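If you want the building blocks of each chain, they are given just below.
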Amino acid sequence: MVQINGESVDAAGMVLKEYLEENNYIIEGIAVECNEKIVPKQTYNEFTLSDGDIVEIVSFVGGGQPAVLE
Amino acid sequence: MDNKDTFTLGGKEFNSRFILGSGKYSMELIKAAVENAGAEIITLAVRRTNTKKNENILDYIPDNVTLLPNTSGARDAKEAVRIARMSRELGCGDFVKIEIMRDSKYLLPDNAETIKATEMLAAEGFVVLPYMYPDLYAARELASAGAAAVMPLASPIGSNKGLATKEFIQILIDETDLPVIVDAGIGKPSQACEAMEMGAAAIMANTAIATAGNIPVMAGAFKSAIEAGRSAYLAGLGRVLERGASASDPLTGFLRD
Numbered sequence: 001m002v003q004i005n006g007e008s009v010d011a012a013g014m015v016l017k018e019y020l021e022e023n024n025y026i027i028e029g030i031a032v033e034c035n036e037k038i039v040p041k042q043t044y045n046e047f048t049l050s051d052g053d054i055v056e057i058v059s060f061v062g063g064g065q066p067a068v069l070e
Numbered sequence: 001m002d003n004k005d006t007f008t009l010g011g012k013e014f015n016s017r018f019i020l021g022s023g024k025y026s027m028e029l030i031k032a033a034v035e036n037a038g039a040e041i042i043t044l045a046v047r048r049t050n051t052k053k054n055e056n057i058l059d060y061i062p063d064n065v066t067l068l069p070n071t072s073g074a075r076d077a078k079e080a081v082r083i084a085r086m087s088r089e090l091g092c093g094d095f096v097k098i099e100i101m102r103d104s105k106y107l108l109p110d111n112a113e114t115i116k117a118t119e120m121l122a123a124e125g126f127v128v129l130p131y132m133y134p135d136l137y138a139a140r141e142l143a144s145a146g147a148a149a150v151m152p153l154a155s156p157i158g159s160n161k162g163l164a165t166k167e168f169i170q171i172l173i174d175e176t177d178l179p180v181i182v183d184a185g186i187g188k189p190s191q192a193c194e195a196m197e198m199g200a201a202a203i204m205a206n207t208a209i210a211t212a213g214n215i216p217v218m219a220g221a222f223k224s225a226i227e228a229g230r231s232a233y234l235a236g237l238g239r240v241l242e243r244g245a246s247a248s249d250p251l252t253g254f255l256r257d
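Protein chains in written order, with our numbering: chain A, 1 to 70; chain B, 1 to 257.
Hints in this document: simulated from the structure, not taken from any laboratory. Quantities reported herein were computed from a predicted structural model and do not represent experimental measurements. Any given hint might turn out to be false.
With a Cα cut of at most 27 Å, we get these calculated BS3-like pairs of lysine-lysine [unchecked claim]:
{"id": "1", "chain 1": "A", "residue 1": "Lys37", "chain 2": "B", "residue 2": "Lys78"}
{"id": "2", "chain 1": "B", "residue 1": "Lys105", "chain 2": "B", "residue 2": "Lys161"}
{"id": "3", "chain 1": "A", "residue 1": "Lys41", "chain 2": "B", "residue 2": "Lys78"}
Could you put the whole structure together from the sequences, leaning on the hints where they help?
Below is the structure:
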C-alpha cells in the first residue's frame with residue numbers, strides 16, 4: 001500500500017504519471033513529494049510507486065492566513 | 001522628490017507597496033486588489049490537492065503579479081522547508097513567505113524555527129520573507145540568515161486590531177537594514193498609513209479588505225492610504241512639541257501697541 005495525501009491506496013507498482021492521470025490530477029497544477037523528497041515533474045513517467053511510500057500531492061490555494069492548522 | 005519610488009525584493013522592482021493575502025479569497029477580492037489597490041504581489045498557500053474541486057487559483061491571478069507562496073500549516077522549520085520546496089516545484093518562482101506557527105489560538109509565529117528555516121531556504125536560493133514576531137534580535141538573526149525582508153505582525157492575524165506592536169516595529173525599522181513589511185492585523189487604511197509614515201517598506205493585508213462592506217472601494221482606500229503614508233515618510237514628518245505651543249501665524253502688531 002502507498003500513503004497518498006493521508007490515505008492508504010493500492011498503488012504500489014504503478015507509475016506515478018499513470019496514477020495521477022487515472023485519478024484526474026491536473027499535472028500542470030500540482031507538485032509531488034515522495035518520502036519527503038520532491039519528485040521532479042519531468043520524471044513522473046519513470047517514477048514507480050513502491051509499497052510503504054508516503055506521497056503528498058499539493059497545489060496552490062488562497063492563503064493570506066491559515067484557516068486551521070492541519 | 002524622485003517620482004519613481006520603487007521597492008525592490010529579491011532583485012525584482014515593485015511600484016506598489018501593497019501585498020495582498022489571498023486567504024478568504026474570492027474572484028472579487030483578487031480583482032479588487034489588483035485593479036483598485038494596485039497589488040503586484042499576492043500570497044498563496046500550498047495544500048493537498050482536492051481532485052473533486054479542480055479549481056486553479058492561478059487562473060484568477062494576472063500574469064504580471066508576483067506570487068508569494070507561504071508555508072502556513074508548518075509547525076517547525078523542517079515542515080516549512082518541505083512546503084517551500086513543493087511551492088517552488090509548482091513553478092511560480094523562488095519567493096517564499098515563511099509562516100511557522102505552533103500556537104493555534106493566536107497564530108503567533110515561532111521566531112526560533114523561522115530563523116532556522118530562513119537559513120536553509122536562503123541557502124537553496126529562495127527569496128525568503130519571514131513572518132515574525134517583532135523582536136530586534138530575531139530580526140538581526142533573520143538578516144544574517146539571508147532574509148530578503150522581515151514581516152513583523154501588527155496584531156494577531158485576521159484580528160483587524162491594528163498596530164498593537166507599533167513601538168517594536170519602529171525599532172525594527174530603525175535598527176535593521178532589511179525592508180520591514182508590516183503584516184497581519186492591519187484593520188483599516190489609517191493603520192496602514194501610520195505604518196508607512198513610520199518607514200515601513202510595504203503593507204500586507206487580507207482580512208481588512210476581504211471582510212469590508214465593499215471590497216473594491218476598501219481596496220482603493222488602502223491604496224491611497226499606503227501612498228499617503230509613504231509620501232509623508234519621504235517628506236519627513238513635522239516635529240512634535242514636548243509642551244507649549246508655537247504660533248503658525250505672526251501674533252505681533254495687530255490691534256495692540
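Now the hints, each set against the structure:
1. Lys37(A) - Lys78(B): holds (12 Å)
2. Lys105(B) - Lys161(B): Measuring from Cα to Cα gives roughly 15 Å; hence the hint holds.
3. Lys41(A) - Lys78(B): holds (22 Å)
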